[in-house]
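Chemist: So the protein sequences, as listed, match chains A and B. Counting from 1, one number per residue, gives the positions in the first sequence under the numbering used here. Counting from 1, one number per residue, gives the positions in the second sequence under the numbering used here.
Since the hints were made in silico from the structure, they are not lab data. A few of these clues could be false.
Identical chains share a label here; the pair holds if one copy fits it or two copies do between them.
Straight-line Cα separation of at most 25 Å, SDA-like style, residue types lysine to any residue; simulated pairs [said to hold, decoys possible]:
no., residue 1, residue 2
1, 191, 292
2, 191, 291
3, 130, 2
4, 175, 292
5, 191, 243
6, 215, 199
7, 175, 293
8, 191, 172
9, 130, 156
10, 35, 218
11, 318, 151
12, 175, 242
13, 175, 243
14, 130, 153
15, 235, 205
16, 130, 160
17, 130, 151
18, 206, 219
19, 175, 295
20, 235, 218
21, 175, 296
Protein chains: 2
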Amino acid sequence: MALRGGIDLGGTKIQAAVVGARNGVRGEARVPTPKDGGPDGVLRAMADAIKSAAAQAKVQTSDLDGVGIGSPGDVDSDAGTITNAYNVVPDWNRTISVAGALQRELGTRIALGNDVRVATNAEFELGAGKPYASLLGVFWGTGVGGGVILGGRPWRGRGAAGEIGHMVVRRNGAKCPCGRLGCMEAYAGRKAMELEARRRHHGGEKTALFKLMEKKGRTALTSGVWADALEDEDKLAVDLVERALAALGAGIASAVNLLDVEAVVIGGGLGTRLGDPYVARIKEQMHPHLFVDARPPAVHVAALGDLGGAIGAALLVKS
Amino acid sequence: MALRGGIDLGGTKIQAAVVGARNGVRGEARVPTPKDGGPDGVLRAMADAIKSAAAQAKVQTSDLDGVGIGSPGDVDSDAGTITNAYNVVPDWNRTISVAGALQRELGTRIALGNDVRVATNAEFELGAGKPYASLLGVFWGTGVGGGVILGGRPWRGRGAAGEIGHMVVRRNGAKCPCGRLGCMEAYAGRKAMELEARRRHHGGEKTALFKLMEKKGRTALTSGVWADALEDEDKLAVDLVERALAALGAGIASAVNLLDVEAVVIGGGLGTRLGDPYVARIKEQMHPHLFVDARPPAVHVAALGDLGGAIGAALLVKS
Numbered sequence: 001m002a003l004r005g006g007i008d009l010g011g012t013k014i015q016a017a018v019v020g021a022r023n024g025v026r027g028e029a030r031v032p033t034p035k036d037g038g039p040d041g042v043l044r045a046m047a048d049a050i051k052s053a054a055a056q057a058k059v060q061t062s063d064l065d066g067v068g069i070g071s072p073g074d075v076d077s078d079a080g081t082i083t084n085a086y087n088v089v090p091d092w093n094r095t096i097s098v099a100g101a102l103q104r105e106l107g108t109r110i111a112l113g114n115d116v117r118v119a120t121n122a123e124f125e126l127g128a129g130k131p132y133a134s135l136l137g138v139f140w141g142t143g144v145g146g147g148v149i150l151g152g153r154p155w156r157g158r159g160a161a162g163e164i165g166h167m168v169v170r171r172n173g174a175k176c177p178c179g180r181l182g183c184m185e186a187y188a189g190r191k192a193m194e195l196e197a198r199r200r201h202h203g204g205e206k207t208a209l210f211k212l213m214e215k216k217g218r219t220a221l222t223s224g225v226w227a228d229a230l231e232d233e234d235k236l237a238v239d240l241v242e243r244a245l246a247a248l249g250a251g252i253a254s255a256v257n258l259l260d261v262e263a264v265v266i267g268g269g270l271g272t273r274l275g276d277p278y279v280a281r282i283k284e285q286m287h288p289h290l291f292v293d294a295r296p297p298a299v300h301v302a303a304l305g306d307l308g309g310a311i312g313a314a315l316l317v318k319s
Numbered sequence: 001m002a003l004r005g006g007i008d009l010g011g012t013k014i015q016a017a018v019v020g021a022r023n024g025v026r027g028e029a030r031v032p033t034p035k036d037g038g039p040d041g042v043l044r045a046m047a048d049a050i051k052s053a054a055a056q057a058k059v060q061t062s063d064l065d066g067v068g069i070g071s072p073g074d075v076d077s078d079a080g081t082i083t084n085a086y087n088v089v090p091d092w093n094r095t096i097s098v099a100g101a102l103q104r105e106l107g108t109r110i111a112l113g114n115d116v117r118v119a120t121n122a123e124f125e126l127g128a129g130k131p132y133a134s135l136l137g138v139f140w141g142t143g144v145g146g147g148v149i150l151g152g153r154p155w156r157g158r159g160a161a162g163e164i165g166h167m168v169v170r171r172n173g174a175k176c177p178c179g180r181l182g183c184m185e186a187y188a189g190r191k192a193m194e195l196e197a198r199r200r201h202h203g204g205e206k207t208a209l210f211k212l213m214e215k216k217g218r219t220a221l222t223s224g225v226w227a228d229a230l231e232d233e234d235k236l237a238v239d240l241v242e243r244a245l246a247a248l249g250a251g252i253a254s255a256v257n258l259l260d261v262e263a264v265v266i267g268g269g270l271g272t273r274l275g276d277p278y279v280a281r282i283k284e285q286m287h288p289h290l291f292v293d294a295r296p297p298a299v300h301v302a303a304l305g306d307l308g309g310a311i312g313a314a315l316l317v318k319s
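One chain only, chain A, in its complex shape (with noise of 0.2 Å):
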């Protein structure tokens, strides 16, 4: 009975599955990110999730055939090693060497990826780009990350590509959590967004994002709670979630016109949570900019999830 482990490891949580040969979910676990024991305190989590995870499956972690890491910052596959990850915790500013670490810890073998593009990947292995052999994964989430699959293959350039969420929507625009001007995410991702309505909130406009926000025992303006203030029809909330799409449709068209995929699968904490109805609007945004509009590629929201990550880690394990 081979079994996989996977882990996705996000800023906010940390999800884990066990999965059969077959990809079949066995066993998850899910845990809030630690933020205050820098990164020995989330490797010690991660190593909880997973062996949570196994226990679910009923098996040891070095049953295992091994454990897939999907992870944010600069992942060196071959080195096993992270750096940079600041998105998970602030202070992990140096290489941390993740796979040796959690081998011995866990008992079996490590491989590590970039979060973006095994999310990506799961969604053309086993999710919502199955039919397909060439498409955008684009995640809308705290920012907005892109995984590209050309000819049925993960298309990495120089070890950077897929950043679509820093393609140019308005030159000289709004400022990004990157610092650049006018990218995508600088109107779509999560943080920019929350950053737009604090501010315009501060400047007078009535919302109640915030009110729903602390509701929730939230800290900052979730996934749901942008629902939330959506089903409301809180106006500010529309507003943001609008410049959001037509940001998102402008850039997503830009990447159809330059590529041609046959689809575009939508994922990330707001893309799944907002799901079809937003994607559908996602699609209506990309039109009018889409340079062979008879033939627009197909749209879908990613079909596994919030746990696509963590199943996308385990595929990391070849046999």
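Start from chain A and add chain B according to the hints.
Modeler: Relative to chain A, chain B alone:
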């Protein structure tokens, strides 16, 4: 002695070349694209041009291994047809059996390809792109065309990849000749630049552009007219070229953020005419938008210049 012919079919001129086994040019001819004889007139001019290039190489066209043709419009290589090549002659609004007609006339086989892809491939195989396995070809002329080489091979998508000129650089921005808003070409295409120059000139801005045009016996602002105006430091010309450079910088950087290619090769009428100093400016304008700005791609002027299209077309003829 294996000679091949190539024809670059453009809206302004038809350039023909005969090349040897190692792609050295043995004969060449250039004729203006006839505007009053419809597609048939264009076919006759293409035949005359390649016959004249063959005569220079001291052969008959029937002695050639074949003739390749790079063309705008919808090129169907398998069927040997070209449809809707409006930029060549406005009444080319149907499907023309170009390969069949020219094969009878020239006594050798004909291979058809898309003009921008042919030129990108020529730069990749023989020109400025030779050292690289991945590159973007950007053809800055009447419009802004693009070609994509990834992993040593052209990437075509579903047939229409490479429309870099219609990547959005300013949502709800300037109207593009394609009818859409905010495309890179709306700022950087020579046709769009001329429309804007005429609008501003009629609005009272001073410029020598149209005098230079008349002096050169032209009816449109050719790349040579723009070059002369820049040399004279004509304010309107400088402003509009700066605007084009900024749009090219943002659009090309967006494409690089998505694909992380090794190199960008800039050709086309304006690209090759303005050459290195302006290509250096495009590189500068890309920089603030590059996500991995510590490792920008190489940026080169197309090395094959004006003959690149015809030499590239000859590469379509396989032995």
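Chemist: Each hint needs a verdict: does it hold in this structure or not?
Modeler: Status of each hint after checking the structure:
no. : hint         : verdict
1   : 191 with 292 : between (32 Å within a copy, 20 Å between copies)
2   : 191 with 291 : between (30 Å within a copy, 18 Å between copies)
3   : 130 with 2   : within (23 Å within a copy, 46 Å between copies)
4   : 175 with 292 : between (31 Å within a copy, 17 Å between copies)
5   : 191 with 243 : within (14 Å within a copy, 31 Å between copies)
6   : 215 with 199 : within (21 Å within a copy, 56 Å between copies)
7   : 175 with 293 : between (30 Å within a copy, 17 Å between copies)
8   : 191 with 172 : both (19 Å within a copy, 24 Å between copies)
9   : 130 with 156 : both (20 Å within a copy, 20 Å between copies)
10  : 35 with 218  : within (15 Å within a copy, 68 Å between copies)
11  : 318 with 151 : both (21 Å within a copy, 24 Å between copies)
12  : 175 with 242 : both (18 Å within a copy, 22 Å between copies)
13  : 175 with 243 : both (14 Å within a copy, 20 Å between copies)
14  : 130 with 153 : both (12 Å within a copy, 24 Å between copies)
15  : 235 with 205 : within (9 Å within a copy, 43 Å between copies)
16  : 130 with 160 : both (24 Å within a copy, 22 Å between copies)
17  : 130 with 151 : both (13 Å within a copy, 23 Å between copies)
18  : 206 with 219 : within (19 Å within a copy, 57 Å between copies)
19  : 175 with 295 : between (33 Å within a copy, 22 Å between copies)
20  : 235 with 218 : within (21 Å within a copy, 55 Å between copies)
21  : 175 with 296 : between (30 Å within a copy, 21 Å between copies)
Hint check: no violations occur; every hint is consistent with the structure.
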